[in-house]
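J.: Listed below, chain by chain, are the residues.
Protein chains: 2
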Amino acid sequence: MSIATPYLLFLGDAPDQLAAKVAQGIRDWRPEFALGQIRLEGCRADLGLPDMSLAEAKAAGAKTVVIGVANRGGVISQAWKKVLVQALEEGFDLASGLHNLLRDEEDLAAVARATGRTLHDVRVPSVKYPIANGVKRSGKRMLAIGTDCSVGKMYTAIAMERVMRERGLNADFRATGQTGILITGDGVPLDAVIADFMAGSIEWLTPDNDPNHWDLIEGQGSLFHVSYSGVTLALIHGGQPDALILCHEPTRPHMRGLPDYPLPTLEALRDLGLQLARVANPACRVVGISINTAAMTQPEAEAYCAEVEARMGLPTVDPVRHGPGRLVDALAAL
Amino acid sequence: MSIATPYLLFLGDAPDQLAAKVAQGIRDWRPEFALGQIRLEGCRADLGLPDMSLAEAKAAGAKTVVIGVANRGGVISQAWKKVLVQALEEGFDLASGLHNLLRDEEDLAAVARATGRTLHDVRVPSVKYPIANGVKRSGKRMLAIGTDCSVGKMYTAIAMERVMRERGLNADFRATGQTGILITGDGVPLDAVIADFMAGSIEWLTPDNDPNHWDLIEGQGSLFHVSYSGVTLALIHGGQPDALILCHEPTRPHMRGLPDYPLPTLEALRDLGLQLARVANPACRVVGISINTAAMTQPEAEAYCAEVEARMGLPTVDPVRHGPGRLVDALAAL
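Protein chains in written order, with the working numbering: chain A, 6 to 339; chain B, 6 to 339.
To be clear, the hints were calculated from the coordinates, so they are not data collected in a lab.
Hints are supplied without guarantee of correctness; some may be wrong.
Any copy will do: because identical chains look the same in the list, a pair fits if it lies in one copy or spans two.
What the hints assert, rightly or not - Subject to a maximum C-alpha distance of 20 Å in a straight line, what follows is the list of computed DMTMM-like cross-link-like pairs (lysine to aspartate or glutamate):
#, residue 1, residue 2
1, K133, D177
2, K133, D196
3, K141, D213
4, K141, D265
5, K63, E312
6, K87, D247
7, K133, E111
8, K26, E272
9, K141, E272
Build out the structure end to end from the sequences listed, making use of the hints.
T.: Written as structure tokens, this is what we have:
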């Protein structure tokens, strides 16, 4: 993968700030990659970055135009095309996490070929991954696992990276989904990897490293989510984590998209996750709990985290409200 | 997929009987599909079927030439090509489980286009599978799960199908690997499915059915094999089995291809498999144990099965030595 940085962030005609959440993620987590933004008429998102023309961004050193916005109706419009074609002609690569691929747009593909530029479609793998061999690797690894999908696993891992780097610790967030890949410029689009190579792709993503280095691996799916559980188990066995962090959103009535499936308890996630992780790494431990309390009031959130911490005997925080510092403490104490 | 039957089995220049094991599987399990064999000079395999020319097979009603032999060095030789091209020209489809795909051979692809015939490469999916929705389906399902890879899961399921049909029970073996797909003419090549669609492909393979119908699902990998465990879990959650059968080969020194990984006990497989299966189907039960005793003497095999049966309290057989009748009894008693 390895997308050339820094970026010019393309916001297109984003109808609101939420539509530009990929660009916002880059702005938040890799501000050094976010040189500027380029917006079309009608754009209602603003990252607080300088508005730049392609020429200005080029002069400032930008290498890749990243599509940081969802497209409407799955169509790459002519208004977008005009800017994207011009970007290729002016020497930028393009990067996108859209469902419809840049490479499938005949005009973009033709201009990229003619100009020798690269179209990065981060939803599809660009690497031939190996089959996992299970050999123990040097360095240390943390994996975030969840009671459900979309409970804050990516946020937890990337927020821990920031705090660990601030403390001078040796840590890298390892992206396994398209947003994380666009943020960091690298990673594995695990949900698009062929079944036999899933665990091997995670071994590839988290290779041998310094003894004190931590890979902070973005989790996917849940062992308890029947649509995606196989992906989760491949992450656990390919990642061979030394530490697990349990992620949970307490207000869900049922598993995401599965009305008949109740959420598991944190105890069930701890026990099952640990049992499976110890197949690949017998020393694995659960070190902390990350709660997404966005739907709770401050007093509710505090009471909930305190109750879980007392019940489970593990540091329990909302990394947005409280910061992930206590989770980092727990990793460092391992 | 749906390969047109019956078949003419192409044995090529197979150096020995083992090289033709895919053809042998079709001969053993779907004799009604196996009209005849076609062999090249030097072939040392013999299925005991009539040797037929393409014209004779055509006259006898064969629809597809199945490559029932492994190729040497991953190359489709000119000697093979000559027969395969002629087969297309005479109106046969071709089916293959070879690693190198028929469709990637320019001459075969061109002749197939010109003649309107189909090249079935069963290692790659031909269907756009859905994402699993976890909705409870009608009918009943059995899944074979193993302590390791290659311990007899396919054999167990297909042998049970035969006995169930002999008894007038309503059952279908559901193939999830290339050999099983070539044998039955249909199935899901699960190891080649994209991660997000694994569980959905198994829901697709085992749809709603009559209340007394059994899908006998071919297992893949093992929950304890770090290279492929994600595939196994997708089978468990996509298959939502009512019954699990545990498969084991007692003489392995370690997990297949993983020298540092010991085999789990049957108790560990039972407990973990059942816990995970009950996420999708709370009524799931472990009904029996299938032991591959090929590496044991008759007295060793009898003693081993008796010991396991006493210890686990479940019918325990080697389906090759003893037949799978007692496993079928256990299913029927559910």
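J.: Each hint should be assessed against the structure and marked as holding or not.
T.: Status of the hints after comparison with the structure:
1. Taking the shortest alpha-carbon separations for K133 and D177, neither the intra-copy value of 22 Å nor the inter-copy value of 36 Å comes in at or below 20 Å.
2. For the homomeric pair K133 and D196, the shortest alpha-carbon distances inside one copy (15 Å) and between copies (15 Å) are both at most 20 Å.
3. Taking the shortest alpha-carbon separations for K141 and D213, only the intra-copy value of 9 Å comes in at or below 20 Å, while the best inter-copy value is 43 Å.
4. Taking the shortest Cα distances, K141 and D265 sit within 20 Å of each other only across copies (9 Å), while inside one copy they are farther apart (39 Å).
5. Proximity of K63 and E312 under a CA criterion of 20 Å is satisfied in neither setting, with 53 Å inside one chain copy and 74 Å between copies.
6. Taking the shortest alpha-carbon separations for K87 and D247, neither the intra-copy value of 48 Å nor the inter-copy value of 56 Å comes in at or below 20 Å.
7. Neither within a single protomer nor between protomers do K133 and E111 lie at most 20 Å apart by alpha-carbon distance, with minima of 25 Å and 23 Å respectively.
8. With identical chains, the CA atoms of K26 and E272 are never at most 20 Å apart, being 32 Å at best within one copy and 47 Å at best between copies.
9. In the homo-oligomer, the alpha carbons of K141 and E272 never lie at most 20 Å apart, since the shortest distance is 27 Å inside one protomer and 26 Å across protomers.
Hints 1, 5, 6, 7, 8 and 9, counting from the list given before, are not met by this structure.
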